[in-house]
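Trainee: Please work from the sequences and hints to get the whole structure.
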Amino acid sequence: MAEAIKVPTMAEFMAQGKSPEVLFWVGCAGSFDDRAKKITKAFVKLLAKAGVEFAVLGTEESCTGDPAKRAGNEFLFQMQAVTNIEVLNAYEVKKIVTACPHCFNTIANEYPGLGGNYEVLHHTQFLKSLIEEGRLTVEGGKYKGKRITFHDPCYLARANRIYEAPRDLLRKLEVELVEMKRCKTKGFCCGAGGAQMFKEPEPGIKEVNIERTEEALGIKPDVIAAGCPFCNTMMTDGVKNKEKEDSVEVLDIAEMIANAEDL
Amino acid sequence: MQYLPNILFIIALAIGVVFFAKNVQKLIRNIKLGRDEDRFDNKPQRWKNMAKIALGQYKMVRRPVSGIIHVLVYLGFIIINIEVLEIVIDGVFGTHRIFSFMGGFYDFLIAVFEIFALLVLVGVIIFWVRRNILHIKRFLNREMKGWPKLDANLILYFEVVLMLLFLTMNAADYTLQLKGAEHYASADGILGSFPVSQFIVPLLENLSISTLVIIERTAWWVHILGILVFLNYLYYSKHLHILLAFPNTYFARLKPQGQFDNLQAVTNEVKLMMDPDADPYAMPEEGAEDETPAKFGASEATDLSWVQLLNAYTCTECGRCTSECPANQTGKLLSPRRIMMATRDRLEDIGNNIDANKGTFQDDGKQLLDDYITREELWACTTCNACVEACPVGINPLSIIMDMRQYLVMEQSAAPTDLNNAMTNIENNAAPWPFNQMDRANWINEL
Chain E
1 MAEAIKVPTM AEFMAQGKSP EVLFWVGCAG SFDDRAKKIT KAFVKLLAKA GVEFAVLGTE
61 ESCTGDPAKR AGNEFLFQMQ AVTNIEVLNA YEVKKIVTAC PHCFNTIANE YPGLGGNYEV
121 LHHTQFLKSL IEEGRLTVEG GKYKGKRITF HDPCYLARAN RIYEAPRDLL RKLEVELVEM
181 KRCKTKGFCC GAGGAQMFKE PEPGIKEVNI ERTEEALGIK PDVIAAGCPF CNTMMTDGVK
241 NKEKEDSVEV LDIAEMIANA EDL
Chain L
1 MQYLPNILFI IALAIGVVFF AKNVQKLIRN IKLGRDEDRF DNKPQRWKNM AKIALGQYKM
61 VRRPVSGIIH VLVYLGFIII NIEVLEIVID GVFGTHRIFS FMGGFYDFLI AVFEIFALLV
121 LVGVIIFWVR RNILHIKRFL NREMKGWPKL DANLILYFEV VLMLLFLTMN AADYTLQLKG
181 AEHYASADGI LGSFPVSQFI VPLLENLSIS TLVIIERTAW WVHILGILVF LNYLYYSKHL
241 HILLAFPNTY FARLKPQGQF DNLQAVTNEV KLMMDPDADP YAMPEEGAED ETPAKFGASE
301 ATDLSWVQLL NAYTCTECGR CTSECPANQT GKLLSPRRIM MATRDRLEDI GNNIDANKGT
361 FQDDGKQLLD DYITREELWA CTTCNACVEA CPVGINPLSI IMDMRQYLVM EQSAAPTDLN
421 NAMTNIENNA APWPFNQMDR ANWINEL
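Protein chains in written order, with UniProt numbering: chain E, 1 to 263; chain L, 1 to 447.
In case anyone wonders, no lab produced these hints; they're calculated from the structure.
You may find that some hints are simply not true.
[What the hints assert, rightly or not] Computed cross-link-like contacts, DSSO-like style, restricted to lysine-lysine with a CA-CA straight-line distance of at most 30 Å:
hint, chain 1, residue 1, chain 2, residue 2
1, E, K184, L, K48
2, L, K137, E, K184
3, L, K145, E, K186
4, L, K145, E, K206
5, L, K43, L, K238
6, E, K184, L, K52
7, E, K199, L, K295
8, L, K137, E, K242
9, L, K59, E, K186
Mentor: In structure tokens, the structure reads:
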């Protein structure tokens, strides 16, 4: 990159008396997890390329409370929610985009009841709108004709009925889109949801992510596309477990678009 | 003596209906043991869902084999009930085929009933084979052993017997009409048309009229008494779904599956904590109701909402939820179907306890948590909503799991250690991992 991308914070916008087009909610995984940070960076590059005036909360962002709520800790969830809503409302945020379906679901569905009303988009929806508005152009590039399957995040597809936006983006990449038998609203969980990401699984005969990875590998994809940092981790671990990491990549759709554009 | 059969029939009918009404009363009483929940909004959408999902069987046919056979058996059940109406009227007034005044249309109706009776028979036999011979995994889970398996088979046997009796009754009736027997034969010719039972006629034609009358009457009586018994069997069986599927789909959640309800009691407390002007030691205002519930979450069936209890009674144990549950499919103890069955079992025990103790519940040293549903099951859930999506009658097992997790975490601080660590991290540094919140934007410098 010739020029470093600037990622302004809401505080910086406010200091200039301006407000951005959209707030990018990075999420804990996108902020701290090494694998998920790559998704964050890829998405930011796409935002910059499309000329989107965006901002992040930076150090003012806190966990949405999703894992606490799904673990049963409603107190902690609501404390987190109220804290975040105070920050968001103070900045008069109207529109939020996030690359994490858990953040997406929580802010879109569970914050309104606590006083947080925003237009919330998953990054695949936002990228799709950028393409439709002609602000971002996507061509097949290195993924043209490659066999790709999309693993639906539960909190996007089943929970919120969003499964076409990520597929539309893949079609723009001119890939050969192949579906697993369990897809869209019938998708099979990666095993991370419901705060499972942060605990050891209960005894069983198999790990959930292995079951899902086997299903994905069964249709022989070149890339398993994901739309959630946690699914991404689970599927990456599954592919490694099956010793297929040399032939099968697990990539977020934002990463694929950025790669195709050589960003 | 002439009216003895009519009187006996009316008595049998009355006993059947009264007993059934008592069971319905008990059912409603038990469901109302649940806490309040408002599901009376958006009525047009609710009616639409009921029409589509319960009446229209829209979700059943997502699995084509069992779905289509189920639609046949269901249609047969509904359609043949029109014939039961005629049977009841004939029984009360001692008439013979009272609806036959409809002429050609009556012939058509009886023909349709017979064809559906045959289809139901075939469908039920396929169901039996699926349950008992084909090794279909969802019928073999641990919760299906014992009574649930017997219950499922009893229903199928009931239906086979009822359909056979119906066809036998028609065959004997038809033979009697052909023979010009008194009370059966009509000046208008043959009443009804018998596309299926005509094939039984050759077995009966050589019998005397009196024997045929006995066969016809016996089939008639056992058939209608069987229906009355079956009606009263419903309350004790998973077959209750034929009634409860309708209210259950009506009252089902309309919000996105990912939206979990925010606990109002917690909201009140959080507001108090966040409000700098609030006096934590202030006495509640005079007359103000204490809105803090006795308990956060659920450890007992009666801590659940009436909708969740209705869900439990509606469950017909088909196991579509369990067969799509990621935890169950990877060998974990959790089975969403078992969550529903255990909830119903506990609720029944509570109801029986109340009945046995003159209307008040006496502590039996048990509760839903641990005695019916284990913690291991609750913690295995990924909250993926696959069970909710799979249920053909709109049951939400996930909501029960979540309420019980809330009890475990908020009342008992009994989350698994790793989860406690993650939650402590969220509390201290606003992320589930032990990173400093001040480092949250460090990735920007790595661009």
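Trainee: Check the hint pairing K59/L with K186/E against an upper bound of 30 Å on the C-alpha distance.
Mentor: holds, 13 Å
Trainee: Under the criterion that the straight-line Cα-Cα distance not exceed 30 Å, is the pair K137/L, K242/E satisfied?
Mentor: holds, 26 Å
Trainee: With a cut-off of 30 Å on the C-alpha distance, tell me whether K137/L and K184/E pass.
Mentor: Holds. K137/L to K184/E sits at ~24 Å (cutoff 30 Å).
Trainee: Hinted pair, alpha-carbon criterion (30 Å max): K145/L, K206/E. Please report holds or violated.
Mentor: Within the cut-off at roughly 24 Å; holds.
Trainee: Does the alpha-carbon distance linking K184/E and K48/L stay inside the 30 Å limit?
Mentor: Holds, because 24 Å separates the two Cα atoms, which is no more than 30 Å.
Trainee: Mind checking the alpha carbons of K43/L and K238/L for me, to see if they're no more than 30 Å apart?
Mentor: Holds. K43/L to K238/L sits at ~28 Å (cutoff 30 Å).
Trainee: Starting from K184/E, check that the Cα of K52/L is at most 30 Å away, please.
Mentor: holds, 21 Å
Trainee: K145/L and K186/E were given as a pair; does the straight-line alpha-carbon distance stay at or below 30 Å?
Mentor: holds, 28 Å
Trainee: Check the hint pairing K199/E with K295/L against an upper bound of 30 Å on the C-alpha distance.
Mentor: Holds, at roughly 26 Å.
Against the hints set out earlier in the document, no violation occurs for any number.
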